[in-house]
Every structure is written in structure tokens, then in C-alpha cells.
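Chemist: So the sequences go chain by chain: E and Z. Residue numbers for the first sequence follow the working numbering, beginning at 1 and rising by one. Residue numbers for the second sequence follow the working numbering, beginning at 373 and rising by one.
These aren't lab readings, by the way, just hints derived from the structure by calculation. Among the hints, erroneous ones may be present.
Said to hold, decoys possible - Calculated pairs, EDC-like style, for lysine to aspartate or glutamate (alpha carbon to alpha carbon, straight line, at most 16 Å):
| id | chain 1 | residue 1 | chain 2 | residue 2 |
| --- | --- | --- | --- | --- |
| 1 | E | Lys-298 | E | Glu-338 |
| 2 | E | Lys-252 | E | Glu-369 |
| 3 | Z | Lys-384 | Z | Asp-440 |
| 4 | Z | Lys-420 | E | Asp-132 |
| 5 | E | Lys-346 | E | Glu-317 |
| 6 | Z | Lys-422 | E | Asp-218 |
What the hints assert, rightly or not - Derived coverage of chain E by chain Z (criterion: at least 3 residues anywhere in the stretch with Cβ under 8 Å from a Cβ of chain Z; other residues may be distant):
| id | region |
| --- | --- |
| 7 | 15-27 |
| 8 | 63-70 |
| 9 | 85-94 |
| 10 | 158-169 |
| 11 | 216-229 |
Remember, predicted model here, so these are calculated numbers, not experimental data. By construction, the Cβ of each residue, glycine as well, lies at the ideal position given by its N, Cα and C atoms.
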Amino acid sequence: MSLVTLPGNRASALGALAAGCRFFAGYPITPSSEIAETMARELPRHGGVFVQMEDEIASLAAVVGASLGGAKAMTATSGPGFSLMQENLGYAAMTETPCVIVNVMRGGPSTGMPTRPSQGDIMQARWGTHGDHPIIVVAPNSVQEIYEQTIRAFNLAEELRTPVIVLYDEVIAHLIEAVALPVEVVTTERKWAERGEAGYLPYAETPDLVPVMSRPGDGHRVHVTGLTHTAEGFPTQKPELAERATRRLLDKIELHRDRIEACEALRSDDADVLIVAIGIVARAARRAVVDLRAQGIKAGLLRPITQWSFPERALREAASRARAVLVAEMNAGQLALEVERLTPTKVARLNRLDGEPISPAEIVHAVKELRP
Amino acid sequence: MTEHVAPPFEIKDWLRLQLMPHFMCPGCGHGIASRALLWAAHELRLDKDKLAVVCGIGCSGRVGAYIDANTYHTTHGRPLAFATGLKLARPDLTVVVITGDGDCLAIGGNHLIHACRRNLDITCLMLNNEIYGMTGGQASPTTHTDRITTTTPAGNMEPSFDACALAEGAGASFVGREVTRQAPALKSLIKAAIAHKGFSFVEAFSDCTEINGRKNDLGESPEMLFAQKDEMRPAGPHDDEPFRPHRLRAGILVERERPEYGETYRARVGGPR
């Protein structure tokens, strides 16, 4: 293990390299550009390729193209670019092409406040592309966790053949912290069809619902399409086959939900008031819990590490023990929608849209307001 | 002395016959263009396992599925961007993009100019049928002025794009144009394009009889194919005068040496070995 100090965006790039990322395509955008800049320097030294594309649409297209060719591939962007990527994000989900997209959240909507943090893309990350589609979103809250979760994002993407989004706010992107880099990183490799395997079906149903992938050049000569397709990979509009194909995509994530879901709980066992937050807001909430406890108020924190699949059971259990839940987030209320959906416990909201992070004092104040 | 005779070209060797009958309309030129591509692949003795055909959306986008190779039916306008990632990650593959006039010049126009500029070793075959056929016959960037389409009921008021001039201006190191009426010539052009190191752009004029032809009284497929041929004049010296009716030049229009992007990248900084 070695200890280094890194900004969040650089940790994401280093995590990607450690996970085996060998292709990056991107387009400059604040506040994510340092990831591309790091990859431009580092990737060729690792036998990989960096390419700067003409826009974010092309960036994710190139990433998916490289991944179809067999490379572990990623891009990084922020809100406006993430919007442009939604088209090919859906293609990656539909064709089950592994890829990782880092979205550093800045103030929105539209051009918004490019250098200020927000958490306004929580729902875009879940529902940004059209149609019912599976998605995994990890939401780290420290530089160390950005490194670890970027590696995990690659592992989940490769194992489950799905796009995975690493979602964090501008504060953590530019926060400089000590990071412990492990000597050895556990990486997951894609299941590849054997060269020249007879009777290979590119989208066959397997027990784990993850089809075995074909590497071009290995003799299978498969067809990949964003059209709803059969196990053979060719388009179909037969209702029973279409239902089955789309269901499998969604079930694939549900089946592995227990391993995808991750969250951190802080003193939530006996909490009267449960705070739910992600990213930098969860850091403030952690301090708020300590301060509130010191004042005799039983506060606790539940922090989703996977925003999607949302840690539903953990939230339900922790919320059921609490008198009230406070969802603190740098948006007008997106995480709160999911929390409200999951628990009958009273849910209060603390929101900021001004491009400033939420402070511990604000959370302490909001919790005290909740008390009868 | 032994004589090396190439085996004859048999298109069935290159098709996914299980998908036949195909779904192109009667008279559509896309079949001829596909045949020309596969004929070129045969003569170049390409390895099917190492051939990647990347398509976009539209009638041209559906061509790829019938080809017995690694085929990718991507998103509308983006096949060149997908192909860029694929070729950079896998320099060992022969990457051919099949696209259409709408796919390549409208929604994908930005990707086209940058692919031309970047000069990665990809062949782009644009099937120009001068219409959005798949969606029912709307005007495309290459629809002739005054043509009637479903979105230009009073006649098209926009001029049409000269795709080859665009590709040349954007820096493509190989540019060519041919009509599907001249299948052997189109085959030779595609062959030269694939053999060329760098980005190659080939515009193949195709005919949309069912939608474009019928709506504008352009006749059946043979009439349309002849009309397209009549619009062409061979490329050569003194061919730059824009005189009608031969408004466009056919053949190899540009062939120049420029550094191929993938080679430059690998030589300068590294990358996949």
C-alpha cells in the first residue's frame, strides 16, 4: 500500500487504470476535464488509447465501440455532456456493452454554474435515456472512495455487461485528500466466448442472466443492434420475444441487487432522526450527527454508496426505527423522491440550489426544526 | 509455373442467408452497393472474422445485418464515432462504415468532418438515396432542390449537399463517388478505398424507387439508375467545370498521403500492441 494525496478527479483516473481501463474517449467539460487530461498522459503508457472526440455523443459512441472491440473503456463528463450521452448510454444498456461514465455534477439546469457543485443529476443518471433500461450508479463521497468505486464500477460493468455511472459532485472532484493505493487490485474480467465456439448465441439466457460476449476476430461474427433482439442478436418485434428480452435486461440487475447495493450507516440503529445524503453533503451530515449527539439528539446517517440500485432494504429498516427522516441534497429534491417512495416515516427535505455545499450547521438546524 | 486464379466471387459466401429474404424495397440500390462492397472484400481477400461493418440508422443502417462479418447496428448518425473507438482499440480489424445521406450528412455531419480530419484508417461508404426512406420519405441533405417529399410538399427549397466536396474539404485522404448503375466500377472504387491507408470516403448513389421515385415521377429503378449515371462525368483533368447535366464527378476524386492517426498515435505515445 502507498499513501498519496490526490484530487478526486485524478483518483478516478487512477482507479480506472488500476481496474484495467485501456480506452478513454472524452470531450472537455468543467469540472471533469482533469480525468481526461490524466488519461491522455497515462493511458498510452499502459498500452491503452486516449482520444478526444468532437462532442460527448461521439465520446460515448467511441467508448462503446472500443468496448465492443474488447477494451475496458470509459468517459468522463458533467451535466450538459451527460445529457448528450444519454442516447448511447441507452445503446450500451440495450446491447449490454460494459462501459463506465464518470459524471461530475455541476450547477444546472443547462449551462448553469459550471464551476459550482450540485447533485442535480441523480434522476438523470437513473432515467436520462429513454425506455425501460437497467443502470448502476455509484456515488462516492471521498477521494479514497472515488478511487475504490471507480474500480468497482469497472468490475460491475464487466461482470454484468452494463453501463455503470460514477456520480459525484464538483466538491469531491477537486477535493485533495490522502488516498491509500492498494498494492493489488481485484479486477473482474468479462466472460468471453471461446474462439470458434460452435452454436454460440450472443444473447443467450444464462443462469446469471449475463450473456457471454464475443470478441471480434474470434470467429463468431455476431450482429450487435440497439433494436430489440433475439438470443441470436437479430431484430425482433415478436411480442413474446420482445417482452422477454427487455425483462431479462432489467432482471439482470435485480438478480444481482444484493451485491450491487452498498451503503454506509452511521449511528442509525437507535436514531430518532435519520439523515439521508450522498456525496459531499453526507460528509457534512456525518459531522452534524456527531454535533447533534453531543447535544443529546439521537441523529443517524444513512449514506447510499450505490445511488442506483438504491439500498432499499437498508433505508426501509433504518427509517422504520426513526421518528423522522431528513434528506439533505444540493438540488430541489431528487434523492428525497426515492426515500419518500420507500418509507411511511415522515420525510423532511433540506435543499440548496445556490451552488454552495450544505454545511453541518444547516443540517443540525434542520434536524432541530423537526423536533416537536 | 502455377497459375494463381482467384476463386470466383460468390455473394452467398458473404451473406447471412438465414435472414433472407431481406427487407429492402424492390428496386432499391442498396443491394447493388452491398454487393459491390462484398465483391471488393472478396477481391481483397479480407478475413470475415477480422471485418467489422459499422452501420447507423435508416435503410443504409439495416444493410449490415445481412453481412456475414462482425456487424454493428449503432445509433443514428454515430457509426463513424463507434468505428473510431473500435478501430483505435482494435487496429487489427478492417473497419467499414455503411451510412446514408441523412445518417452521415445531417445528424452525423459533425462526426463525418472530424473523421475526415482525424484520418483514422476507416472506410466510410455512404449510400446516397437522396431521401429519408425508412421514415417514409422526408427531405434529406442530398434531396434535389424542388423535389417533392413529405416534408417539402411545395418542393425542396434547400440546395443539396456535395458530400465529396465536404469530405475533401474536411481532409479525407481518399474520396470517391460512383453510381450503383456501375456496379463493377463501384466495386473497384470501394476496393481502392479499403486498401487506402487512412480515412476513405465513398459516396455511392443509390435509388429509392418506392418513395423518392414514385412521388416525383422519376420512373422505375432502371430509369432512376440511368438518370443518376447521366448526372456523372468521369473524374480527370479539366473536369472541374460545373456544367449541367453532368453536375457531379465520379471515380476517385481525392487520393493523398496524410499521416494515419492510429499509426501516429502508436508511434508517438504507445497504445495497443
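Chemist: Hint by hint, say whether it matches the structure.
Modeler: These are the hints, each one checked on the structure:
Of the pairs offered as hints, the one joining E:Lys-298 and E:Glu-338 is violated, with about 23 Å between alpha carbons and a cut-off of 16 Å exceeded. The straight-line distance between the Cα atoms of E:Lys-252 and E:Glu-369 is roughly 42 Å, outside the 16 Å bound, and the hint therefore fails. Taking the CA atoms of Z:Lys-384 and Z:Asp-440, the gap is near 9 Å; set against the 16 Å cutoff, the hint holds. The straight-line distance between the Cα atoms of Z:Lys-420 and E:Asp-132 is roughly 35 Å, outside the 16 Å bound, and the hint therefore fails.
As the CA atoms of E:Lys-346 and E:Glu-317 are separated by approximately 14 Å, the hinted pair is consistent with the 16 Å bound. Between Z:Lys-422 and E:Asp-218 the CA atoms are separated by roughly 8 Å; this keeps the pair inside 16 Å, and the hint holds. Proximity of the region 15-27 of chain E to chain Z, defined as three or more residues with a beta carbon under 8 Å from a beta carbon of that chain, is established by the 3 residues found. Look at the region 63-70 of chain E against chain Z: 8 of its residues bring a Cβ nearer than 8 Å to a Cβ of that chain, three or more, so the hint holds.
Interface restraint, the region 85-94 of chain E with chain Z: holds (3 residues with C-beta to C-beta distance below 8 Å; minimum three). Restraint check on the region 158-169 of chain E versus chain Z: 0 residues with Cβ-Cβ distances below 8 Å, three needed, restraint violated. Under a criterion of three residues with beta carbons nearer than 8 Å to beta carbons of chain Z, the stated coverage of the region 216-229 of chain E is upheld, 11 such residues being counted.
Taken one by one, the earlier hints fail for this structure at numbers 1, 2, 4 and 10, listed in ascending order.
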